[in-house]
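Visitor: The residues making up each chain are set out below.
There are 2 protein chains.
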Amino acid sequence: MSAHEALRPMTGRERYVVLAEGAFDAEWAKTAASLIRYRPERVVAVLDSTRAGYPVSEILGFGGAIPILANLDEALALEPTPTALLIGIAPQGGGLPEAWRPVLRMAIEAGLEVWSGLHAFLGDDPEFARLAEERGAVIHDVRKPPKGLPVGTGLARETRGLRVLSVGTDCNVGKLTAALELVDELERRGVRAAFAATGQTGILIDGKGIAVDAVVADFVAGAAERLVLESAPGADVIVVEGQGSLIHPGYSGVTLSLMHGVMPQALVLCTKPARTHIYGGEYDWVEIPPLDEVVRLYEDAMDWVSLEEPVLVAAIACNTHGQSEEQARQEILRAEKLTGLPATDPIRFGSSKLADAITALLDV
Amino acid sequence: MSAHEALRPMTGRERYVVLAEGAFDAEWAKTAASLIRYRPERVVAVLDSTRAGYPVSEILGFGGAIPILANLDEALALEPTPTALLIGIAPQGGGLPEAWRPVLRMAIEAGLEVWSGLHAFLGDDPEFARLAEERGAVIHDVRKPPKGLPVGTGLARETRGLRVLSVGTDCNVGKLTAALELVDELERRGVRAAFAATGQTGILIDGKGIAVDAVVADFVAGAAERLVLESAPGADVIVVEGQGSLIHPGYSGVTLSLMHGVMPQALVLCTKPARTHIYGGEYDWVEIPPLDEVVRLYEDAMDWVSLEEPVLVAAIACNTHGQSEEQARQEILRAEKLTGLPATDPIRFGSSKLADAITALLDV
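So the protein lines, in turn, are chains A and B.
Just so you know, we're using my numbering here: the first sequence kicks off at 2 and counts up by one.
Just so you know, we're using my numbering here: the second sequence kicks off at 2 and counts up by one.
Simulated from the structure, these hints should not be mistaken for lab results.
Please note that a few of the clues may not be correct.
Which copy is meant is left open, because identical chains are indistinguishable; a pair holds if it fits in one copy or across any two.
[Unchecked claim] Distance condition first, Cα-Cα at most 20 Å in a straight line; then the derived EDC-like pairs of lysine to aspartate or glutamate:
no., residue 1, residue 2
1, Lys148, Glu99
2, Lys148, Asp125
3, Lys31, Glu110
4, Lys209, Asp357
5, Lys145, Asp125
6, Lys338, Glu326
7, Lys31, Asp301
Remember, it's a predicted structure, so these values are computed and weren't measured experimentally.
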């Protein structure tokens, strides 16, 4: 896949069956849930035998009557028929669980496209590659990086549009959601906003982008730079989806590469207030510092590459999923008090405050 | 190449011919020069037709009577005969210059091993792969990452030995040299010190390691973690070669991944005092801050992952190559005054101060 192809949008006519076997909930099926939130019209069914029989909305709280089915046979019997199987969950490590082989084999045999964000490229799997060739099916490994990426040199600084990057206190706290919601709200206000996807879910939603965490380390900043430059034409604001967290021992380098490649002029800091430590049992020794400290460390890390103007966190996006509305309001107030910045939960209370903070920078 | 193989030492019996055609000097043939400095007993000849006839020491100022020859035929006539051809220069872009094909072909036909740190893997080249198989020759692409690397989870914290990482104000300021010199000096003092190589030159010198900048971004911290864990047994001190710089817009993420994967308890900060901006014309907008600020930003970035004890820069290694001895002494004094830390140029004035600073931490 060339750089150009990586940025080629989907046709918008795909009808997905989303594989989320054994894991279809908002916590574990992040890709599935985000796709259903932002592109419900493209999803014809979800596969999860442990939740089969329920509609999607029963599990997620949104997504309407999209059915959850026990197996692919049932999905293939739907009218209109699906055109693609999309892998909607991310197994630990990113490899292909052996248990998924039969359903993938069946999908390819049925002539469906396969859309995958796994680290392990399905198109490189001898069995699937051979089968896909025989059946004329296409395998899209959206994490597969484009060839010929450069080393980052700060070229992104030269865009006319304002560069905004979502960053986080941790993985999986809402950086993609904040970016998408901000773009939508800016567009509602008539601001020409471009979204730049940097992870598999964002790419599956937007149909283009580069999964920067799958890029060889030397070229991650360059990949981010290229994404910004290709998203920039005609945009007043370029909102880039962030990845990882500077305080995540496994992924901090990806985050920093992205920051120094995107060269944002403003950051939106995303957090899940209920989380006290980096997520996942392996990281319970890493405490998430108070939010004002996190603001400062992100601003400092941008300052290392000495832009002309200091780069500031413009607003806070709180992910209060699982908390009561009263708790949510309190967490948001607490975040505002601690940081002196506007805060909201863009899903629960809308993204006006995020858009206000960004448009204020345009007026300057 | 499996992870295990990546970490398998050379036998120590290799006798290298070092290819440095047209570029054998300290500036351009960094790999060749470092190999000759640290493993002169393994180098039987250097190939550079533009400098043929001189001994190596005439060009580098060290390396004794190792001959510079015009072509491989002459090297093959030496007694004892060489066992391997090692690529000692890094061409722009990391690809294979077409002009090198004949000498590589001849080496493989003569049954020599080939050791390469190029970005382009010679073992994947159809011509060389076929030829090597026919002749039973082995091609070692030392940048090729091992398979199955994990995501970093901070496991390196659990080594008994003290973890030390060299870091820098920029690329190419002496992080490899500082690490190797520190290890040598510790061993002279009877401290069991392990060296862990993270780049192609270090790997070619030590015969093992992982070129972390060639690893997919999500797994760089995990690669560093694995390197530390495999280097740890029996070591009182594990000294890891650093890469890049936190203030280098292209490579900062590699540096941070390495830091959070290695989980060093002490840092050795390397700098080239004569350099005011990040090296290379593309980066002249990035000023290198005063050294005390660089110390602080490295310490801060370790603090983000909340180890029990703060991680401190223990000493400064100044690369004063190209400056007069008087200038060098002044730069070192200035570094000491500015940071309050011991500083030296390990090549020019020895690495006692570095070793003192590290052994002081062992006594605590």
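Visitor: Quick one: Lys338 to Glu326, C-alpha cut-off 20 Å, is that within a copy, between copies, both, or neither?
Guide: Cα proximity of Lys338 and Glu326: one copy only (18 Å, versus 55 Å across).
Visitor: Are the CA atoms of Lys145 and Asp125 at most 20 Å apart within a copy, between copies, both, or neither?
Guide: both (10 Å within a copy, 18 Å between copies)
Visitor: Using 20 Å as the alpha-carbon threshold, which applies to Lys31 and Glu110: within, between, both, or neither?
Guide: neither (27 Å within a copy, 53 Å between copies)
Visitor: Regarding Lys148 and Asp125, is the shortest C-alpha distance of 20 Å or less found within a copy, between copies, in both, or in neither?
Guide: both (16 Å within a copy, 15 Å between copies)
Visitor: Checking an output row: Lys31 and Asp301, CA cutoff 20 Å. Within, between, both or neither?
Guide: Neither: 30 Å inside a chain and 32 Å across chains, both beyond 20 Å.
Visitor: Are the CA atoms of Lys148 and Glu99 at most 20 Å apart within a copy, between copies, both, or neither?
Guide: Intra 29 Å, inter 18 Å, cutoff 20 Å: inter-copy only.
Visitor: Regarding Lys209 and Asp357, is the shortest C-alpha distance of 20 Å or less found within a copy, between copies, in both, or in neither?
Guide: neither (27 Å within a copy, 54 Å between copies)
The structure fails hints 3, 4, 7 (numbered hints given earlier, in ascending order).
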